[in-house]
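We have chain A; now place chain B onto it with these hints.
First to last, the protein sequences are chains A and B.
Counting from 1, position 58 in the first sequence corresponds to residue 57 in numbering that gives the first Met the number 0; the numbering is continuous, with no gaps.
Counting from 1, position 30 in the second sequence corresponds to residue 29 in numbering that gives the first Met the number 0; the numbering is continuous, with no gaps.
What the hints contain is simulated information worked out from the structure, not anything from laboratory work.
Some clues are possibly wrong.
What the simulated footprint calls covered on chain B by chain A, stretch by stretch (three residues with Cβ under 8 Å from a Cβ of chain A suffice, anywhere in the stretch; the number is not a length) [stated by the list, open to error]:
(1) 109-115
(2) 166-175
Label pairs and their computed distance ranges (CB to CB) [as the list claims (entries may be wrong)]:
(3) A/A256 <-> B/P55: 53 to 61 Å
(4) A/E318 <-> B/S207: 38 to 46 Å
(5) A/R136 <-> B/G112: 20 to 28 Å
(6) A/E318 <-> B/G283: 20 to 28 Å
(7) A/R16 <-> B/D170: 52 to 60 Å
(8) A/L186 <-> B/P302: 36 to 44 Å
(9) B/S226 <-> A/E318: 40 to 48 Å
(10) A/V253 <-> B/G112: 38 to 46 Å
(11) B/D60 <-> A/R136: 15 to 23 Å
(12) B/P55 <-> A/E259: 50 to 58 Å
(13) B/G54 <-> A/V253: 55 to 63 Å
For glycine and all other residues, C-beta sits at the position ideal for the given N, C-alpha and C.
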Amino acid sequence: MSLTDTMSPGMALGIHRTMVRIRVFESRVEELFKAGKLPGFVHTYIGQEAIAAGVCATLNRDDYITSTHRGHGHAVAKGMELGPIMAELYGKATGACRGRGGSMHVADFSVGMLGANGIVAGGLGIAAGAALSARYRGTRQVAVGFFGDGGINKGTFHEALNFAATHRLGVVFVCENNQYAQFTSRLRTTSVEDLSVRAAAYGIPGITVDGNDPAATYRESLEAAGRARDGGGPTLLNMETYRFGGHYVGDAEVYRASAEVEDRRRADPILRWERTLTEEELMTAGLAEAVWAEAEEEVSAAVRFAEESPYPDGGTALENVFTRVP
Amino acid sequence: MARRDGTTRRMTFGQATVDAMGYAMREDDRVVVLGEDISWGGNFGQFRGLLDEFGPDRVIDMPISEAIIMAVSVGTAVTGLRPVASMSFVEFTLGAMDEIVNQAAKFRYMFGGQVSVPLVLRASDGVLRSSAGQHSSSLEGLFTHLPGLKVVAPSNPADARGLLRAAIADDDPVVYLENKRITAKRGPVPVGDHVVPLGSAAVRRRGSDLTIVTYSVMVLHAEKACSQLAEMGIEAELIDLRSLVPLDLDTVLSSVVRTGRVVVAHEAWEFGGFGAELASTITGQAFDRLRAAPVRVGAAQAPVPFSPPLERAVVPGSDEIVAAAREVMGLT
Numbered sequence: 000m001s002l003t004d005t006m007s008p009g010m011a012l013g014i015h016r017t018m019v020r021i022r023v024f025e026s027r028v029e030e031l032f033k034a035g036k037l038p039g040f041v042h043t044y045i046g047q048e049a050i051a052a053g054v055c056a057t058l059n060r061d062d063y064i065t066s067t068h069r070g071h072g073h074a075v076a077k078g079m080e081l082g083p084i085m086a087e088l089y090g091k092a093t094g095a096c097r098g099r100g101g102s103m104h105v106a107d108f109s110v111g112m113l114g115a116n117g118i119v120a121g122g123l124g125i126a127a128g129a130a131l132s133a134r135y136r137g138t139r140q141v142a143v144g145f146f147g148d149g150g151i152n153k154g155t156f157h158e159a160l161n162f163a164a165t166h167r168l169g170v171v172f173v174c175e176n177n178q179y180a181q182f183t184s185r186l187r188t189t190s191v192e193d194l195s196v197r198a199a200a201y202g203i204p205g206i207t208v209d210g211n212d213p214a215a216t217y218r219e220s221l222e223a224a225g226r227a228r229d230g231g232g233p234t235l236l237n238m239e240t241y242r243f244g245g246h247y248v249g250d251a252e253v254y255r256a257s258a259e260v261e262d263r264r265r266a267d268p269i270l271r272w273e274r275t276l277t278e279e280e281l282m283t284a285g286l287a288e289a290v291w292a293e294a295e296e297e298v299s300a301a302v303r304f305a306e307e308s309p310y311p312d313g314g315t316a317l318e319n320v321f322t323r324v325p
Numbered sequence: 000m001a002r003r004d005g006t007t008r009r010m011t012f013g014q015a016t017v018d019a020m021g022y023a024m025r026e027d028d029r030v031v032v033l034g035e036d037i038s039w040g041g042n043f044g045q046f047r048g049l050l051d052e053f054g055p056d057r058v059i060d061m062p063i064s065e066a067i068i069m070a071v072s073v074g075t076a077v078t079g080l081r082p083v084a085s086m087s088f089v090e091f092t093l094g095a096m097d098e099i100v101n102q103a104a105k106f107r108y109m110f111g112g113q114v115s116v117p118l119v120l121r122a123s124d125g126v127l128r129s130s131a132g133q134h135s136s137s138l139e140g141l142f143t144h145l146p147g148l149k150v151v152a153p154s155n156p157a158d159a160r161g162l163l164r165a166a167i168a169d170d171d172p173v174v175y176l177e178n179k180r181i182t183a184k185r186g187p188v189p190v191g192d193h194v195v196p197l198g199s200a201a202v203r204r205r206g207s208d209l210t211i212v213t214y215s216v217m218v219l220h221a222e223k224a225c226s227q228l229a230e231m232g233i234e235a236e237l238i239d240l241r242s243l244v245p246l247d248l249d250t251v252l253s254s255v256v257r258t259g260r261v262v263v264a265h266e267a268w269e270f271g272g273f274g275a276e277l278a279s280t281i282t283g284q285a286f287d288r289l290r291a292a293p294v295r296v297g298a299a300q301a302p303v304p305f306s307p308p309l310e311r312a313v314v315p316g317s318d319e320i321v322a323a324a325r326e327v328m329g330l331t
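Next comes chain A alone, as it looks inside the complex (with noise of 0.2 Å):
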């Protein structure tokens, strides 16, 4: 099948793009971090990137996701722009929660990005939820529950699943099985090698797929969020992935071998969807670097934008704990 038979031309450079983004955008916050100029800790993105940019690819800007710890390329590919991620990483007043939220909380509704979540998991009813909703609504609207191989094994994901099933609710579940829940490989601690057979227990369609290769990400996601839009139901699909990085940037990485790191990362994503593109004669070297180059310059704006803003005044602390106060 070739590749023009899943998507356009114009989809699939898009999705490079994305991917692109993402990929320069989380390799500055690495070195910013390293640098001293984020507070707290973050989660990056990298090595992911197909999961986010093919499966937001296949979604309408009104529709849902939520997302997790490891938020910024949810955040990216759902359409947030780049410099009020930024600025809530640097915990500025112009972030995308003026500063209250930072790396872990990262949301944007306007987008229909309900909010990075720190709690493995959490997400997943939230979403259930949302497309609870859509269908009250009668907006047609779907939702995607990103998650992760930590939270499958979280009694939220069963919960979720078991009462989007019953409904038959617009929900699709996208388990960005990256290997590792924190430090412990997913091998050690869960039942089952092959995550998609847990649908079985709901009734629901259940698919591995090469999360690495965004024809497949995209072709997966288009099938099951057009189910989920038309009453069809949810969707597990299990996405096989490789977290480059360590659970945080600083984590010293004792938990697995840096010749398996190598390994995967030699198999990088954004480089073998180049390569397909090239050989399916969409693109050139001069148009891939234009991309890179253009990704950099909007990171580097963005990173302008967190720092030359201020930091939100101690005196708006209490502001919005609740909308309304007697």
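Below, chain B alone, put in the same frame as chain A:
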């Protein structure tokens, strides 16, 4: 009692909540209800008849999976609906603590005010006929501790209806605690558009010797205690807080500065309870006017036991309020 259209009907606390739900659901089609057994009217009849009137799209039976009840409530609340979630017993909310604490309570703040979470969590609390350790607790102290949650605990059918309407209309998450022992109590209820605003306490009895600050079922015990105290020549002022967060501190302090003596009472555990917050705040704000240290009444520091005499030994009632009042009056 305020009643805009002048109509009052006698009904139970439970019926008053059904009436409030029906009114809110007729008024606003964004209001949906989801919880355990609600098609059948709920454990205490607090949803009776709603399915027939509003249908299964708005009255949604949930699995006994508390986390999903709360998560779905949060998900619907941030995407345009106004869910009322129900868990039969307040202990069941513990299975949804992540969703209550980390999601519902924090979303608005953590996301910089870009979203509100207009949901109500209804749960039955308190002791009823030897329900034992896991079905008898009063956990308001867990909820009042958390910034971002509002907490109400009505004591009578009129407030049950008025506060539930205010809670549903509020844009923030509200924990609505309905005590099991008062669910079947009857009283006059203003119907129609009547609302009891969050954060407004009610003075149930005037008195000049001491102030009793309480809420929920303990108001009934306190009323009985006030009668007993009156026979002893002690006139207590009785304040029913109704709403714990936001708290009507003005009403409390304006009474305390007159009486100079205060008893704080609740059925929840005394140690580390909401009463400790009240006693401390009152002491801090009215220290010069106090003639005695505030005295607290609450459950003894043990899980609620099953056997009736043991249950009675742990959970306070009117006798304990009378004793506390005499203590604060210096009569013991």
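Of all the hints given earlier, name the ones this structure violates by number, lowest first. The structure conflicts with hint 7 only, although it agrees with all the remaining ones.
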